[in-house]
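Take these sequences, add in the hints, and give me the full structure.
The lines below spell out each chain.
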Amino acid sequence: MATPVEIRVRFFGKARELMACEETRATIPNTMSYQELKNLIFHELYIDLESIESACILAVDHTYLSDHSTVSLRPYSEVAIIPPLSGG
Amino acid sequence: MSDDCVPGPSTCNNGDDEKVGELKEERNSETVLIKEESNEDKMKRMNALLNRKRKKAVETPSESSIVPSIDKEEDEGTKRRRDEARQKILWETERAKERAERMGPQGWVRPKSLNTNKEFLSRTIQSTLSRMQKRDRDDKSIIRSVIMVVLTKTMHAPHSLSKEQVGRYSRQLLVADFGVTGQERLSSSSVLIVGAGGLGCPCATYLAAAGVGTIGIVDFDTVSLDNLHRQVGHKEKNVGKKKTESLRDSLHELNSSIHINCHSVVLDRHSALEIFKGYDVIVDCSDNPSTRYLINDASILLNKPLVSGSALRWEGQLTVYNYGERCPCYRCVFPVPPSPHLVTNCAEGGVLGPIVGTMGSLQALEVIKIISQSGATYAGRLLLFDGQSGKMTTVNLRERSPKCAVCGPHPTVTELIDYDVFCGSGVHDKTPDLKVLSPSERVGVAEYAMLRKSRGVCSSIAQEIEGRKDENEGKSVDSSIDLSLSQSRIRLFDTRPPCEFAIASLPEATNVPLDRLKNMSIDELVKTLKLPMKKDEDKDVFFICHRGNDSQLAVRLLGERLTNEGETIHSDIDTNQLRIRDVVGGYQAWADIVDDSFPVY
Ligand SMILES: [Zn+2]
Numbered sequence: 001m002a003t004p005v006e007i008r009v010r011f012f013g014k015a016r017e018l019m020a021c022e023e024t025r026a027t028i029p030n031t032m033s034y035q036e037l038k039n040l041i042f043h044e045l046y047i048d049l050e051s052i053e054s055a056c057i058l059a060v061d062h063t064y065l066s067d068h069s070t071v072s073l074r075p076y077s078e079v080a081i082i083p084p085l086s087g088g
Numbered sequence: 001m002s003d004d005c006v007p008g009p010s011t012c013n014n015g016d017d018e019k020v021g022e023l024k025e026e027r028n029s030e031t032v033l034i035k036e037e038s039n040e041d042k043m044k045r046m047n048a049l050l051n052r053k054r055k056k057a058v059e060t061p062s063e064s065s066i067v068p069s070i071d072k073e074e075d076e077g078t079k080r081r082r083d084e085a086r087q088k089i090l091w092e093t094e095r096a097k098e099r100a101e102r103m104g105p106q107g108w109v110r111p112k113s114l115n116t117n118k119e120f121l122s123r124t125i126q127s128t129l130s131r132m133q134k135r136d137r138d139d140k141s142i143i144r145s146v147i148m149v150v151l152t153k154t155m156h157a158p159h160s161l162s163k164e165q166v167g168r169y170s171r172q173l174l175v176a177d178f179g180v181t182g183q184e185r186l187s188s189s190s191v192l193i194v195g196a197g198g199l200g201c202p203c204a205t206y207l208a209a210a211g212v213g214t215i216g217i218v219d220f221d222t223v224s225l226d227n228l229h230r231q232v233g234h235k236e237k238n239v240g241k242k243k244t245e246s247l248r249d250s251l252h253e254l255n256s257s258i259h260i261n262c263h264s265v266v267l268d269r270h271s272a273l274e275i276f277k278g279y280d281v282i283v284d285c286s287d288n289p290s291t292r293y294l295i296n297d298a299s300i301l302l303n304k305p306l307v308s309g310s311a312l313r314w315e316g317q318l319t320v321y322n323y324g325e326r327c328p329c330y331r332c333v334f335p336v337p338p339s340p341h342l343v344t345n346c347a348e349g350g351v352l353g354p355i356v357g358t359m360g361s362l363q364a365l366e367v368i369k370i371i372s373q374s375g376a377t378y379a380g381r382l383l384l385f386d387g388q389s390g391k392m393t394t395v396n397l398r399e400r401s402p403k404c405a406v407c408g409p410h411p412t413v414t415e416l417i418d419y420d421v422f423c424g425s426g427v428h429d430k431t432p433d434l435k436v437l438s439p440s441e442r443v444g445v446a447e448y449a450m451l452r453k454s455r456g457v458c459s460s461i462a463q464e465i466e467g468r469k470d471e472n473e474g475k476s477v478d479s480s481i482d483l484s485l486s487q488s489r490i491r492l493f494d495t496r497p498p499c500e501f502a503i504a505s506l507p508e509a510t511n512v513p514l515d516r517l518k519n520m521s522i523d524e525l526v527k528t529l530k531l532p533m534k535k536d537e538d539k540d541v542f543f544i545c546h547r548g549n550d551s552q553l554a555v556r557l558l559g560e561r562l563t564n565e566g567e568t569i570h571s572d573i574d575t576n577q578l579r580i581r582d583v584v585g586g587y588q589a590w591a592d593i594v595d596d597s598f599p600v601y
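Chains L and D, in that order, are what the protein sequence lines are. In this text, residue positions in the first sequence follow UniProt numbering: the first is 1, and each later residue adds one. In this text, residue positions in the second sequence follow UniProt numbering: the first is 1, and each later residue adds one.
Treat the hints with caution; some may be incorrect.
Straight line, CA to CA, 25 Å or less: simulated BS3-like cross-link-like pairs of lysine-lysine [claimed, not checked]:
#1 L:Lys-38 to D:Lys-530
#2 D:Lys-403 to L:Lys-38
#3 D:Lys-453 to D:Lys-539
#4 D:Lys-518 to D:Lys-453
#5 D:Lys-403 to D:Lys-304
#6 D:Lys-277 to D:Lys-237
Simulated from the structure, these hints should not be mistaken for laboratory data.
Here's what the structure looks like:
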């Protein structure tokens, strides 16, 4: 049974630009599927990021989330939203 | 004896050869043992050898123990004896190296460097033998000479580096886990750097300095003044010159002993494979998604490790793709390219020199680790560098994706494709031109200039002050001129971020950044944009930005909001009567066409 936890959300690159902030907090269920987390982030919590959804990778506690993984979050887990940077 | 045709660097001269000749007889079957030793050790060994020579001087010199016993076979042809002698020497060399390998941890040359030494020794032996054959000398002296040469080489330096190289690279030769072997590998490697910009300059500079044997540079662009704050491989005098040649000259000034290839072409599906195939490691220092996917696919198709770096504003990313069985590629991690209008490049978003400098230097370090086979690389990990907060975060990436279009088991990309189509944007359009508005919703800069003039707006504050002076017929003018007068004559809103607005703007413009505009309620919009509420008021509203993209989005946004929520505003006028337009091409076009004194950036 999922219980709510407070997590840290970090934005990188274009996500940081669109959110106009580096980091925020959110309270979300501590366990869910990758797809559920994605929906939550891009369609509920941070709608401004909807446009970059397909190009972003998500990492929880410094580990890449792959398509079919189940996400487990602890209090203050770090969810990173990472679009590619292409400048150089 | 001349060393001219001995391949590889030489550390000996004729005098040394003679000296070695004296010592040689005492060394019997351990003649070609390879050892890394300190000067102190070397002196001790020399003295020991000399003492043994003195002691044994009266004993029979057992020449037969160091040369193959060919005396008994004098009847056989010279050719056969020569072949046998050669075989014997090679066999001895092999034995010696096996011993060296077994003794690895005690300070002898470690096994991983043996390949280079093996190659080097056999080259030395072969070339000495072939020279010997040309001269009419007896076999004993041939073999003696061969052993002398091999001995000399291996005694002074059990590696292929020249004295000059040892001196130049000494400070990195001293680094444990890099050392002589690392340097040998670096000096015989070739690295391709795609992009001679902010990442490419520091990366190429460090690799050239470190002595990478061959460096290739790909770039079609020329040096411009606004590159120089970060592209530190270029110099003021080279503005307008090809970046490849400018960087090559700069690298050669630093290290004239390396080889540099310039590829001054647009890297595309037709040119990439031909260029890439000549290099051991590929470095992505490019500045757009289209080129990044191209570089990735070409690296996968040719199975070369790819060191990828990127940067924007205060941030950088670094990883190594396709290095190891499970290491992912760019497409495994980012299978879908970002939509072109959501890609911010350095020309739009800006970047700080030390950010690209850091990332480019880290790329050089990854290349050095890959080539010297020392250290853990960023393969399978993504470094996120945030220079503003000083945070470095490493994210463990996924393994190679079984669904990957290029490196998966069932690839759909089996040859290079059109990456401009794949990404929806090209290499050249660094800032894509949006076309979201119809011509009636837009105004050209020339037309806008006439319009504002007809309404009495001057093109600069200076002119404004001048104008007021004229109006006041020489009366002293208050220095704190109230610009609201001109602002009220025409409604121009500047959608750029405040840091860009601070660089330069038209005097009548009011800064309302697009991000702020997006988050405003309809009432705030009406208030901020001072939308005309009375019948006799001017119905024009203009938006301007840097290059004419955001201004179009602002026009569209305002139009939609007024259509959807317009009835909630209490107004004397119908919002449909408003003429909301954007200034085509923004300040860039203004500077190009109307006012060349306007600062461009
Ligand atoms: Zn892949």
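Comparing the hints with the structure gives:
no.	hint	in the structure
1	L:Lys-38 to D:Lys-530	violated (40 Å)
2	D:Lys-403 to L:Lys-38	holds (20 Å)
3	D:Lys-453 to D:Lys-539	holds (17 Å)
4	D:Lys-518 to D:Lys-453	violated (31 Å)
5	D:Lys-403 to D:Lys-304	holds (20 Å)
6	D:Lys-277 to D:Lys-237	violated (33 Å)
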